[in-house]
Amino acid sequence: MTIEDEREIMGQRLHEKIKNIFGRSLSIREVDAGSCNACEVEITALSNPIYDMERFGIHIVASPRHADMLLVTGPVTRNMELALLKTYNATPEPKLVAAMGSCACNGGIFGETYASGGGVDRFIPVDLYIPGCPPRPQAVIFGLMVAVDKLEQKIRKLEVKA
Amino acid sequence: MSEELIETIKKEFRSNVFDETVSNNEHYLTVKKEAAVRICDYLYHTLDFPLISIFATDERAKDGCFKIHYIFSCKDDMFIIIKIKVEETSPRFATLTHKIPAANWYEREIQDMFGLVPVGHPDPRRLIHFEDWPAGFYPLRKDFDIRTKPPRVKGEYIYRRVEGEGVYEIPVGPVHAGVIEPGHFRFSVAGEPILNLEIRHFYTHKGVEKLFESLSIDKAVFLAERISGDNSVAHSAAFCQAVEKVAGVDIPPHAKYIRTILLELERIYNHFGDIAGIATDVAYPFGAAHANRLKEQVMQLNEKVTGSRLLRGMNTTGGVRRDIGDKNELISKELATLQNNFRELMELLISSPSVADRIETTGRISNEIAKGLHVVGPAGRASGIDGDTRRDHPYAAYPELEFKVPVRKAGDVNARTLVRADEVYESIMLIQQALSRLPEGDIRTDVNQIPDGYALGYTEAPRGETLYWVHISNGRIERCKVRDPSFCNWLAIEYAVLDNIVPDFPIINKSLSLSYSGNDM
Ligand code: SF4
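Residue numbers (the numbering used here), protein chains in the order written: chain A, 10 to 171; chain B, 3 to 523.
This is chain B alone, in the form it adopts within the complex (with noise of 0.2 Å):
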């Protein structure tokens, strides 16, 4: 199958292709620059796959050049990956964001971090740096230091501008007035109904990837758990098996276990958080306050069975540093609690007059728009989106575990929140499972003497598909391209929030677990 998908492609467009490689499930087509749009648009829209991720790279030093590779995920565990060369003299690109809306923060990032130019891009302001950034400086492109502070110059940032009789704005943010990351969100109302939303972002940009560049791989696998504080397993086992591709290790069956019971741990008090956000902002407090409890309870077990709440430190390259083994008995004694509690919390939930009202219909993402933008995780599921990284591309156990993908059509809070309750209950059992099947064997493999070579690694977590591409280069990291679930997600907000009035704009967001430190990077 994947070899006619390919060839199908190549001869689609013969003379445009002119190189192929293959490793392991990633094929790599550098196309003409000119005819890329024309290739990804063919993939997309007539293949039907999804663009998951387009990134830069500076090749400069080896090829005279940097490279711009665009990433899709296609059927059978494969993924196409359609790569471009960009000359320093030509510093620009065709956009592809009128064609795959899912394009657009991308080819923005590309232009701040490497200044190469998306050439006809929608929206061609700036993403990551602010307005106070002087021109000339591009982070990721390999003569930039990574202490270099630019001056602040003067600058404006220009908001899209909704006007009419009785429109105004409602500025928010970035300190809020909860306890949340911050944004920037502006809203243009008209009376309560929301008219337009725009975002404004990475507030928290720290220089992630960049940092990746200048760190050991042992040490990575720990930057990597604190880009998305609540999602450390899911992007430290990203990471960590990207690397393992690179290196070509199979970790032991034991770790892979471990590592599932770890992803799903994460994935249960994630969901709990969010489903007790959600009660809180509806203002049913009993019910925020019973999903806080069994939130905290699941940190509290983490900890019992890792040593960290967050289960930080467990994932390493090649496996993972502690056996779980002993912690068996009270993992399942645990969560055949927890499965009842929750289950008379959803009953309550469920059945709640009030809670129905402000959930039902709030916040409709529709199909379309989710597919347009390549929403992940839980709300693109509720949104129609049957998509699954543990199903579609298998890491870790998964592939010899049972679980369901639950999707729901509806789009709106109420199909999140319940897509979230139904993954709990496979959460449960695919710990349960892994833990009845748990192999004996070592829990580590040595990865030393790592080849040169990239590779991809990719988990569901639970806020969506986490993907990493990692360059190694005599035993260092040359690239390191991480891509969150909120970044495809954030964008959906603003039509999510469209018709809704104001105060249901907390609901909403909450209902959609945006990172904005995972984003932000």
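Extracted from the complex, chain A is given alone in its bound form (with noise of 0.2 Å):
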């Protein structure tokens, strides 16, 4: 299998995936923690004619109020920790979070400095951990498909409740 085939398999079940549990798309809010940018652009990447990760539902939006999940890179440095709180809590739920790349997982490189925090799950709960650095787009879309796993968990658990 080359690896032009194994992204589109996956992208496929991906695909069948976010269809039985949303009908539509997946709702992508990406927010930069403070990641050297390299994380954003595999995130770029995905949308380019190759990847092209719409054509599998996955979609980026422009507001934390659309999205069914947070997409977070970098270590979260001081400054732009009251922004990603902000983000968090602006998202409805069920909501989901990934930290994707090595920063956004456990600090990475930077780790902890008075100016870095070390990761996200250190300020908001996180779901799922995609790990590189970067993570290579094939990479991020096999996190996306354990993550829909995880929503539709949630969205039952929710469901038991109600």
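Read the hints as simulated data drawn from the structure, not as lab findings. Just so you know, not all the hints are guaranteed correct.
Subject to a maximum C-alpha distance of 30 Å in a straight line, what follows is the list of computed BS3-like cross-link-like pairs (lysine-lysine) [to be verified]:
#	chain 1	residue 1	chain 2	residue 2
1	B	Lys85	B	Lys101
2	A	Lys95	B	Lys151
3	A	Lys95	A	Lys166
4	A	Lys95	B	Lys156
5	B	Lys221	B	Lys156
6	B	Lys406	B	Lys335
With the hints in hand, could you dock these two chains into one complex?
Shown next as structure tokens:
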């Protein structure tokens, strides 16, 4: 199997899942909480004509209020902490948080300094970690697939409660 | 020439220069604190040397004082560094900003990071620390522990205000609508035209310069790669070159050529990305898709050649980690196809009236502004600044290769787009030359036992001149000053948008291709 096949197979599987759970697409708001920007480079790559993630039902939205999921990059700097919390609070339930990249997972090379927080889960609950520095676009697609399963579980829990 | 120059300066300021050291192409003159402004002014205005960085060092342990360094880039591949001493008991120095606008942010940075006050600064507000940062904490002082978490305090950040009938403010960010880095923009507008823009940055400040001081030199290369994520090669090469200079090591020719090829691959994929961004923002999705596809193809080529889509993990002190000799054919074949595709794309882009309408005369930066702020890279060259580190301070294999430095005068989005396009062709040619002359031999020399010392390392990143000043002591990094090109270029956007309309802001911003993380560090 070539790397291109892998991308297509994974993308199609993700598409099926998204269709089953959401009917339409998974809406993502991206939050850069102090990344080096390379994680953003790869998220942007997912929109290029080669990956074209919209065809798998992944949609980047402009506001957290429209989002099912926050995709957070960076170690959470002191100066971005508040903005991250505000964005999290503005995202409606049920919501997912994916920490993308080594920085978001545990601080990465920046670790913990006077200005670097050392990872997203120190500040908001994280449902899923996508490691890599940066993760390749395929890894992000794979991560989203796992995330969608988690969201399904969350929705079920909410339904049981209701 | 260079000796004559130093003699002229010494003659001019005889009693004020009390120490002189020379290492490689770096001339350090320690001068009286009171004379610094006059001497810098002379270098800048009379001799016409750009001021390319100002930074401080904490040398209280050894010399009982702080030092401030002013770096000037001179002709004939030379640098003059003016040094002054600043006592802890009198933590002040005279501002240079009213003479050289480019000094503005450096001085405020020194104020935040070292607690040394630029007296008379036209904008003495904080730069890096936010209003909730308590007074008296200066991260780059040696007695500040990197893991200190100063408490958050109450404070207020005062924005410049533009008042008048019908004037209102539009605040944007730090979290934006698209997938971009965080920063705050505050527009004052009357209808659509922008009367004033104030930018506020450093949301992504991570404490990088402090972090360098706690890392081993080998690990520090990885940090340099992660300062501005898509300029990894330029940053790590500049860092490695500084270390190699201190160590007195000349890396093998084979490694120099590989570095050059990587640096140019980085430029190509970045320029494709920028052109794609501009096409997106002028609502020309066909062109954007085309350019984004080309960028992806280069990133895939990067991965095939180095194992990393962003060319990471290749640079190391003493050379590179991996040979790319067996990829010679692959690279030249891919580049030939890319060149043809890119030419087609540019023909379409240039001949589209709807594109021209949006980018011609938009976001003009005059030559005067660009010079005053020391705008670097394609943005500077599009405003008539004929500067390119590869030619002016040659490194890696550039002295042996032929290339042109495209310069344009209009200073608008169009000029910045075309400069990048011209540079892509030059980069492709550079890589082809390098591949055809790739020397045999090792890819790495050992760099151990580095003697104490300091040196400058520099590269021309896709965004422009990138500068490292590295001081090594006992085999450890004592100080690493990083100057990303965006630190110079950000202020220019406040001028570029004036009298433009709000909907053109994204295009202007994109055409300047500014790094937030590289700026904020
Ligand atoms: S994980 Fe790596 S690529 Fe992503 S932001 Fe951090 S340093 Fe950059």
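Which of the numbered hints are not met once you compare them with the structure shown?
-> 5
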